[in-house]
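The number in the numbering used here is simply the position in the sequence shown, starting from 1, with 121 added.
Worth double-checking, as some hints may not be accurate.
[As the list claims (entries may be wrong)] With a straight-line Cα cutoff of 27 Å, these simulated DSSO-like cross-link-like pairs (lysine-lysine) come out:
no.	residue 1	residue 2
1	179	163
2	230	140
3	179	140
4	163	140
5	152	179
6	152	140
7	152	163
8	230	152
Simulated from the structure, these hints should not be mistaken for lab results.
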Amino acid sequence: MTKVGNITAGVDIGSRTTKALIWDGVRALGKALISTGWSPDKSASQAYEQALREADVKEIARTVVTGYGRASAAFADQSITEITAHARGIAHLLPGTRALIDIGGQDSKAIILDDSGLVQDFAMNDRCAAGSGKFLEFLAMTME
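Take these sequences, add in the hints, and give me the full structure.
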């Protein structure tokens, strides 16, 4: 894959699902959402390739990964924590947001941001939250 242009890719390798997005700086060109399963590296590659196909993109400037399985993504240019990814994303999408909560498959995080969108503080649950995200997933399906 050629590393030129301003198109970037982001991959979130979570404990339950892996998400990928191809972004041109203004809008999403392609996306993918798949179950992570037992092999985070394979799930990351599959989601990445699926998003690239949907975007019909041949050139990527940068690929950044985050999430539970981020260390397994050999194709990435950079790996960042979920805390950093959340802060950057929310600062871009909803400037001025001061707090956010992430309820994932393994843990939950509360993040406090300053006026410029930088992380001021965060807290994570200190016990295994196995099923917290699954519970919300089940609840959402029930409510459909």
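Query raised in the report: Any hints this thing doesn't respect? Which numbers, in order?
Result: none
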